[in-house]
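Starting from the known structure of chain W, arrange chain A with the ligands on it as the hints suggest.
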Amino acid sequence: MPEKIGKHIAIYGKGGIGKSTTTSNISAALAEAGYKVIQIGCDPKSDSTNTLRGNNYLPTVLDSLREGNQIHIEDISVSGFHGVLCIESGGPVPGVGCAGRGINAAVSLLQELNLFEEFQPDYVLYDVLGDVVCGGFAVPIRDGITDRAYVVSSSDFMAIYAANNLFKAINKYAPTGGAKLGGVIANSITAGYSRSIIDDFTKKTGTTVAGYVDRSLVVQQSELYGKTVIEANPESEQADIYRRLAKHIAENDELVVPNPLGSADLRDWAREWGDKIYNLQAGVVDGREVM
Amino acid sequence: MSNTLEIPRNGCALHGALQTAEAVHDLIPVVHSNPGCGVHGHLARRAGGTAAGKGYQIPGTGLMERHIIFGGASRLREQLKNVSKVFEGKTYLVLNSCASAMVGDDVEAMTREAVEQGLPVIASLNAGFHGDVHYGYEHVTLDLFRQLTKPPKQKQDRLVNLLGILPGRDLTAFGDLEELERILTGIGLKVHTFFGTEKGLSQFETASEAALTITCSDWGRLAAEYLSAEYDVPALHLSSVPMGILKVKELVEQVKIRLGLPEEDVGGFLSRETEYFDRYLSFASPLIQKSRYGGPVMIVADVHRAFQYAEFLRIYLGVPVQTIAVTDSFTEDKNLREEKLLRLKKLAAQVYESQDEKEISDLVRHAEISRVLGSSLEQRAARERKLSWMGVSYPDFSGLYLNKSHAGIRGAVSFLEDYLQSL
Ligand SMILES: Nc1ncnc2c1ncn2[C@@H]1O[C@H](COP(=O)(O)OP(=O)(O)OP(=O)(O)O)[C@@H](O)[C@H]1O
Ligand code: SF4
Ligand SMILES: [Mg+2]
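Same order as they appear, the protein sequences are chains W and A.
Numbered by my numbering, the letters in the first sequence go through residues 24 to 314 in order.
Numbered by my numbering, the letters in the second sequence go through residues 11 to 433 in order.
Calculated from the structure, these hints are not laboratory results.
Worth double-checking, as some hints may not be accurate.
To be clear about the criterion: a stretch of chain W counts as covered by chain A if any three or more of its residues have a C-beta under 8 Å from a C-beta of chain A, and this derived list gives those stretches [to be verified]:
id	stretch
1	122-128
2	198-210
Ranges of calculated distance between the beta carbons of each label pair, as one might list FRET restraints [as the list claims (entries may be wrong)]:
id	chain 1	residue 1	chain 2	residue 2	range
3	W	Glu97	A	Gly114	29 to 37 Å
4	W	Thr231	A	Ile17	45 to 53 Å
5	A	Pro330	W	Lys195	46 to 54 Å
Think of the CB as a built atom: it goes at the ideal place given N, C-alpha and C, for glycine as much as any other residue.
This is chain W alone, in the form it adopts within the complex (with noise of 0.2 Å):
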């Protein structure tokens, strides 16, 4: 594999849990600060750039791989917010073919048309979809596309189900050149426990946080205008949470390869933290240690 061409950075999470957001505001933030950046949607419903390039058309690598013409790297990108490169991998119709293949060919694809030589970015952010369920979505982390991963994870038990997941991907794949993990982005954060959670999640797993992202009306707010937060709302205090959460990601060179639990044991520990949190409602005072 030649010398990478600016740092390649995997964000994975659960389905819904806030990747296409968060990645995008980094990106944001990224470009704002000057860096040269790409975002790659790897996923089929191809709305990872959405907020980066006001909701405007952009036709999917593999929507051009299906009609077979010759491709530009033109066709399939767009510049969005202070030049952010938007790019989506799209997918087959759903319910037909494989998706986790198709994202392995659109990037691929990318790779032979020297996107990276001739973009020269700094950041190239892969957003890629939902849990990993099979060796196709762990491509970007395992194929040396990626050097790193996030996960992003609110404190909600399945997110955190689907972030052991990425740990175990990560745990196999990195003794043979596969990404290490950066660390988790803690997004959603609402009730006082919440951080806990994860901070506890992150210990037993030998992870850290990369950053805290409030539960915020500003991001749904900023999302319906077609925006990020950067660019709709520059002032707000969340447009601050992501600028330090790029910068962050951006300098962060400390990768671990993360020690998953195993399922008896994240039940359990879930199992205690449900105990935990029923005892602090319920107003058992001795509860309280765990805030």
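Leaving out everything else, chain A with the ligands in the frame of chain W:
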């Protein structure tokens, strides 16, 4: 899962289904796979003796990466149209492969669509990962009966179906089918052999009219049970391909009872066959008894063939069988499996189950034997010890099998020739 198999001698389920379907006259298999699945099975058989000299003319969809990503169903639709122009007036059988099964191509929907447009298309989905060639044979025959067999116009009390001999796998499949047909015709029956006959397709259609299905191995059971459940065709399960006069008499006797045949229909035939068999046996057996031909042997073969050869050697030639290595997976029916193992152990001092070249070759290296009846994969180990070797199972790299038989009476005589010559 964690065990490795060296040169496993069994192709995949698709290969089994394909080689079986190829043996049905007027049935055109269409392989819905990436390039290579069909042709590699063919090349293996060409080297292994059961498709020697034959060209490869099987239509296929030749799936590429884009079909894996976006689905290959429309490629199949297109290919069925093309095939119907090249091979007019035939019936088409779609077979799928690992790749097309894993991406979930809806082959059945494509088949229905083609049927609605008036094309005679059926499908049998035995993607390679389901199992090996035996699984492929078992399930493709079942599917052919399911999709081709019509309710009986009229039951025929002298018609029998013959199943359980695997084309492309059993070296002597076609010759054996011909010989067994000759014997059953000799006692006044009509026989559906399905494979290797020009009437193959119509035999599948009218299999429901038969009075009996005879299976020569467990691999025919599934289809026989279907015919029994669906069309009341009773089944007679044999554990091996009948060979030599005793086994032939046994078969004829059982069929006679099942179909209520009068004694005069079978008596004359059997005595002529007995005389024929004895005449040739009398040439061979003195040669064997007084020479080193009579030493202990090892048999490497699928279970129905292992029974066949072990019993024959013992009964007629007095040759002891020291070791048997069974190369197909036994039936999953536990009782049936136990019973088979027990019976094999009565025939040989040691019985192993293995498909692994290395493991079997090591058995050859260490067994107390003077010759090996097996496949070419054991030939090297046999040569190391200067043991004589004879090809009785797939693959046989030096063999060419058209309609040679080792079954019935004439096949048994031809086996005697081969046995004596192979030294
Ligand atoms: N910190 C937050 N505060 C408020 N809303 C948020 C926050 N993060 C994400 N959301 C909202 O959650 C919804 C889902 O987010 P997003 O589309 O980014 O998730 P995703 O993980 O990319 O989903 P998918 O798996 O479907 O691609 C969006 O409507 C988004 O506005
Ligand atoms: S095992 Fe699968 S991929 Fe291999 S030849 Fe058979 S069907 Fe094709
Ligand atoms: Mg998304």
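We went through each hint and held it up to the structure:
Look at the stretch 122-128 of chain W against chain A: 4 of its residues bring a Cβ nearer than 8 Å to a Cβ of that chain, three or more, so the hint holds. Remark: the stretch 198-210 of chain W is not confirmed as covered by chain A, as 0 of its residues place a Cβ nearer than 8 Å to a Cβ of that chain, below the required three. The beta-carbon spacing between Glu97 of chain W and Gly114 of chain A, approximately 34 Å, falls within the hinted interval of 29 to 37 Å. Restraint check, Thr231 of chain W to Ile17 of chain A: a C-beta distance of roughly 50 Å satisfies the suggested window 45 to 53 Å.
Roughly 53 Å separates the CB atoms of Pro330 of chain A and Lys195 of chain W, a value that falls within the hinted 46 to 54 Å.
Hint 2 alone, counting from the list given before, is not met by this structure.
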